[in-house]
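Please model the complete structure; the sequences and the hints are all you need to start from.
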Amino acid sequence: MTLLSATALNASLGSRKVLHDVSLSLPSGHLVALVGPNGAGKTTLLRALAGLIPSGGEIRIGDNPLASLPLRERAKRFAYLPQGHMVHWPLPARDIVALGRYPHGATDPARLSQTDMEAVLRAMQAVDVTEFSDRRVTELSGGERSRVALARVLAVEAPVILADEPTASLDPRHQIDVMQKLRNVADTGVLVIVVTHDLGLAARFADHVLVLSEGRLAAQGAPAEALSEAVLASVFRISAYRAEFQREAVIVPWADV
Amino acid sequence: MSVQDFALAAEVAARRRWGATAALLALVALLCVLSLGIGPVRLSPLAVIEALFGGGSDVAQVIVREIRLPRTILAFAIGGILGLSGAALQGLLRNPLASPSLFGAPQSAAFGAVLVIALGLADVRSYALPVVAIIAAFGSVFALLAIAGRNAGLLILILAGLAISSFAGAATALVMNLSSNPFVVLEIAFWLLGSLEDRSFQHVALALPFIIAGAAILLSQASAFRALTLGEEAAQSLGVDVGRLRLFVITGVALGVGGAVAVTGTIGFIGLVAPHLMRPVIGHDPARLLVPSALTGSALLLAADIAVRIIPSTSDIKVGVLTSIIGVPFFLYLIMRERRALGGGVA
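Just so you know, the protein sequences line up as chains F and B, in that order.
If you count the first sequence from 1, position 256 lands on 255 in numbering that gives the first Met the number 0, and the numbers rise without skipping.
If you count the second sequence from 1, position 158 lands on 157 in numbering that gives the first Met the number 0, and the numbers rise without skipping.
Hints in this document: simulated from the structure, not taken from any laboratory.
Note that the structure is a prediction, hence the values are computed from the model and not measured.
Be aware that one or more of the hints could be misleading.
[Stated by the list, open to error] From the derived model, a few chain B residues whose C-beta atoms are all more than 12 angstroms from chain F: (1) Leu33; (2) Ile66; (3) Leu118; (4) Val130; (5) Val184; (6) Glu186.
[As the list claims (entries may be wrong)] Here's a subset of chain B near chain F, in silico, CB distances under 10 angstroms, partners left out: (7) Asp4; (8) Ala12; (9) Asn94; (10) Leu229; (11) Gly230; (12) Asp240.
For every residue, glycine included, the Cβ atom is placed at its ideal position computed from N, Cα and C.
Structure (structure tokens):
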């Protein structure tokens, strides 16, 4: 059943139109990879879906048009992970994760209800960050910080997670870890949409791939069809080496030089 | 790790913060008593407390309750709102170098007040003075945030602040320049120095309502500052209306700083210094820093105002001069510490 849908979605940055009539319909329990060349409008689409920027067209979440929901209600339905895992003050990891309960009215990490505390703990356990609960996030390594950021998003316990390049600037092991964690979350019934440049990760972990090109949906579907030879050639101007390893699909992007 | 461990860790941290806040309160109370006791007639702390509650000699009562109490109340309230404004601006901009004085807010408020006096629109005890000062302060902070835009870096904020405070200074100089009345020029000079001398309960009545309103607005936004730790986008996704928050902070700072400047002139750098002194004790959570920063601001201004009365000198040292003399080197120290962020990655 459809959880999140968009009909004829349009969005602009300043005077430049970034999204052109994007329509999509996504069910819960899916890991969706959003791919496309730089400047295709991936981040803008993610922001528009979360209602963080004004957009034309209609977005529906469950039975509700997004436009009819007040800010607090949107915040409970969409957990948004921006690019870069920005943290401006050196707060302990626990307090950062606890911010995930903000939409539920828990604005003070020192005074969490039992329910909120359990949600925070569950989120921290899901991504293995309980051990540095008391450490300041600014003192953590890039990989550890990205897991704390992920825990913060999980703590919202929203039906939709929107993650903007959660694997950027991570080493290969941590990239796979993060995607696996998001895969696990999707398997619990959450709709997870991940922006990524890594077609290999998209092919391996996603149920569904959205290919965005110049603000339009160029292709969508299961990884094998959405990332077909024809789509890669027209959208990315590349071909790919395809194989199977340990019964999983492998795509290695390739371009002649 | 369990929920119990969690609750315990939160409680230990909370207890430490409460301890620090209680110690600050005690320090502020002590400074208030000292401030009431110091002047041409020195009174012991016990005599001050006695007089305050209606005991002791009539002379002591008049000195404490009528002559010195307004000055002490103003030092407490104005130091407090300056510390609070600094902490709020630092929280909003996620930037440890933000403060009203670096953004030109007090200078602009002073220009507003000076203009009212120079034009003879109102006398120094009319409500027109704080109202115009507040409007000028609002304009300066609003302009600064508009120029800097969203997610502004340190350098842009500081440059824009420099431009705005220079402009306010130039505008004030122009008013002095054009004014033919030497008394007006003298009055303006007093405004630029900043002082708490000879203030009466009329001054308290003039400033306090605005300071209280400004403080209430800033404190009501505390938890939003915490969410902003994750950046504006993430905060918005958590349900914070960032546009409205900005407007609230600008209004709160303008009310507080405008009201304060209207009765004392410009007193700089308390807003910058107070949150920094508290971070090692309270931690970096911008929401929790608000009240301790306000108390530290009160303590700083009370202490500075005591100092100007006991430092031996041929003429009175103005308290605004003292806070700037101490504050500017501190600012330089902060620039040195933040050099990497300012220099764009050059260590």
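The hints, checked one at a time:
1. Leu33: At roughly 34 angstroms from the nearest Cβ of chain F, Leu33(B) sits farther out than 12 angstroms, so the non-interface label holds.
2. Ile66: Non-interface label stands for Ile66(B): nearest chain F Cβ at 43 angstroms, farther than 12 angstroms.
3. Leu118: 42 angstroms, holds
4. Val130: Consistent with the label, Val130(B) stays out of reach of chain F, its closest Cβ about 33 angstroms off (over 12 angstroms).
5. Val184: Nearest chain F Cβ is 45 angstroms from Val184(B), so the label holds.
6. Glu186: Glu186(B) is indeed farther than 12 angstroms from all Cβ atoms of chain F, at 43 angstroms.
7. Asp4: 8 angstroms, holds
8. Ala12: Where the cut-off is 10 angstroms and the nearest Cβ of chain F is about 7 angstroms from Ala12(B), the hint holds.
9. Asn94: Because about 8 angstroms separates Asn94(B) from the closest Cβ in chain F, which is inside the 10 angstroms limit, the hint holds.
10. Leu229: 6 angstroms, holds
11. Gly230: Holds, because the Cβ-Cβ distance from Gly230(B) to chain F comes to roughly 4 angstroms (cut-off 10 angstroms).
12. Asp240: 6 angstroms, holds
The structure meets every hint from the earlier list without exception.
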